[in-house]
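So the sequences go chain by chain: F and R. Residues in the first sequence are numbered from 1 upward in steps of one, following full-length UniProt numbering. Residues in the second sequence are numbered from 1 upward in steps of one, following full-length UniProt numbering.
For the record, the hints were derived by calculation from the structure and aren't laboratory data. A couple of the hints might just be wrong.
Not everything, but these chain R residues come out facing chain F in the computed CB check (under 8 Å) [stated by the list, open to error]:
id, residue
1, A255
2, S359
3, P362
4, D422
5, M446
Glycine is no exception: its CB is placed at the ideal position from the N, C-alpha and C atoms.
Protein chains: 2
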Amino acid sequence: MLSCSVCSLQSEGLERAVAAFRSVSGDEGVSLGEAVREQHGRDESVHRCRPPDVVVFPRCVEEVSALAKICHEHQLPIIPFGTGTGLEGGVGALKGGVCFSLRNMDQVLDLHQEDFDVTVEPGVTRKALNSYLRDTGLWFPVDPGADASLCGMASTSASGTNAVRYGTMRENVLNLEVVLADGTIIHTAGRGRRPRKTSAGYNLTNLFVGSEGTLGILTKATLRLYGIPESMVSAVCSFPSVQAAVDSTVQVLQAGVPIARIEFLDDVMIGACNSFNSLSYPVTPTLFLEFHGSSKSLEEQVSITEEITRDNGGSDFAWAEDEETRAKLWKARHDAWYASLALRPGCKAYSTDVCVPLSRLPQIIVETKEDLIRNNLTGPIAGHVGDGNFHCIMVLDPNDPDEVQRVHEFTERLARRALAMDGTCTGEHGVGLGKRALLREELGPMAMEVMQGLKATLDPKNLMNPGKVL
Amino acid sequence: MLSCSVCSLQSEGLERAVAAFRSVSGDEGVSLGEAVREQHGRDESVHRCRPPDVVVFPRCVEEVSALAKICHEHQLPIIPFGTGTGLEGGVGALKGGVCFSLRNMDQVLDLHQEDFDVTVEPGVTRKALNSYLRDTGLWFPVDPGADASLCGMASTSASGTNAVRYGTMRENVLNLEVVLADGTIIHTAGRGRRPRKTSAGYNLTNLFVGSEGTLGILTKATLRLYGIPESMVSAVCSFPSVQAAVDSTVQVLQAGVPIARIEFLDDVMIGACNSFNSLSYPVTPTLFLEFHGSSKSLEEQVSITEEITRDNGGSDFAWAEDEETRAKLWKARHDAWYASLALRPGCKAYSTDVCVPLSRLPQIIVETKEDLIRNNLTGPIAGHVGDGNFHCIMVLDPNDPDEVQRVHEFTERLARRALAMDGTCTGEHGVGLGKRALLREELGPMAMEVMQGLKATLDPKNLMNPGKVL
């Protein structure tokens, strides 16, 4: 029996799958060790490694389709793989099968500058796209932190720090090329179509956005682009309480300030950032902000925001226009994951993800902090507060089963707290493996039945990323 | 046999359906004449009147569900009806059946000011909602022109003049309560949930938005709201050519001006508006614009826009801050339908609807104007040019079969021209009855098959608004 060279797991279906692939598709593109290393090295979740039996590296949609047809015929599970930066175990091969690594399909296609759109293959990451766009005056703003592939971001309905202004993947995908479980190739908005809006038929694009590889393999995405703002200003402000920080956020939005980023960090997170990046922000609830626009409009945005924060007891309002200071500030925010890990060297991290209506944020954050203390857990909080979305970055010793269990119970309590406040168990990470039971609580049995019906229609043999979402 | 009292059509299923309803649900809420009058009086499309057999006026979701169950059991078609302002024949009862008029469910529910959301029943129109919100500092910006019901707008994925800044219904519906064909009640994002974003499971909300009553009956919509801007400024500018007007639009968007409305009117439309409203705009391609923001930011927005239009040969740039002048300007734009009709008294109008990438607008508009002249047709053009979306308001004599035929052929050519330019046959009116063949051309047979599969899953007896979309 073949076994995984990295984690020494033995897989029942391994020989059968590899043999099936070799017999029908030749050796080319089939790799085991590489796949497993890829998954081990890149999957940032704490979910247990579940390696596939085989990995294929198709180079074009026709190859993806041909390989899917083979899987379909042999009833082999298909697990689409982008960069493996997902957080909810979405790329684990629970039933073995074939991992479709799409990294070799990495071309940026069909940039239309005047139309503010571009089409990318699934191996293109957001940073690669923005590098490509560098001289065009355009950019793609959705930023989940990791340098994820854009089709991977579409598949989990990702968002991140800029969503309050530019929306999530849901609002920014115009069209998708998708290979279905049986190898059929479809274009969700019609081949090559890219109007900025449409009322033509069912919204298939947004059925596949967020479907986490369970309905098909995304092989192309047409995305909306935005003009790079003339100027950007960043700011930091400290608050006496979570309530004061959230009140400021609501008032900034009410005032119509077109804020580009408004990020909350709790006292523990700020402390971690200070230590990790040798900074000296006051260790209190803090907002990191960013404004995009013309120089003149920025002055006004900053001044309105400063006034609002001051009225809410905010202090140490510091703003920065120069690239270097701004970069330093956002590096601190983007390093939150590593700053959290540094709180307990040798530990692993898992980032929770809930989203509630804005007005419920103070209560849920306060209750969650009490919960963390009560259960002796390390979980600094950072959040995209303009959307009501936040994370606890849980730092835990994976070899301490008691702590692992307490983290697990804590995250379930947190999700249920969000559900009790009209919110969702995941604002941007997706359901994957970890939140299937919570999804059922969130939607109720009838909506789940509808989702299961859609899944059964598009993937009657349950081959597409089985065991995820539903 | 019963017959329709307004158009004298006789309906085969009439007696059977009415009898079925009377036997199982009593007389209450069952009406024929009223339904037919409602459809005759309100359906603004040129599609032939297709009255239902029965109309019911449910008062709550439980009644909708109970009535749907009766229809399901007796295999009676279900046609959801909001205000009948749709333009593609979406409420015609092609196979007879039961019209669900939702006008008695007209409550605004659960306004959450701090969270910028509200839930409405399906009888609430956009104007009624904005009246309700008057003292809150909030508004719902999606504006298709007609005072449509908000659930009707959701069902056709409506948009209109403000979409360039605030998005369409797709981006502004957070949750839907839906009654399926068999009477099952679901909440697309889970009961009562209203986070501003979510990655939890398939995006059912946007599967029902735009489904035009073919997948279920919308009985509640939770909508995003926006702060009313501190100030608004409107402007008008005349251009030497369509190209110059569109170039200005692209450059305004590239410059990051957060423009709220940017509406194109061709020379014929401007002429019609001048006559109808006693105005004296130059009879050339024209942009009507609106800016939302703080007084200070407006100054800058207007000044950048004015410079861009001047560089493109725009002239007579006139802007208005006072409510009265602004209202006059937008009344002219909103009266475009009636101004067009007044070009040929006694005629009827049909508004086409296509959407293309911005850069293709000049070519498609120029070719379309040539087509109109060549075929001796009256079709002033107005468009939401920031989205690449425009309409020809076709004014025709319904009793001239040759002209009716020429209009039909023209609209098909226009749609195919949009398809050839990577666009869509409908940007905001929907497919309804009139564009089913075009939809097939737009999406291709495979995507159509997926849509048919979804329809068969959710409505296996094909009772929901049969004969529409697919």
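Problem set entry | Indices of hints not satisfied (ascending) | 3
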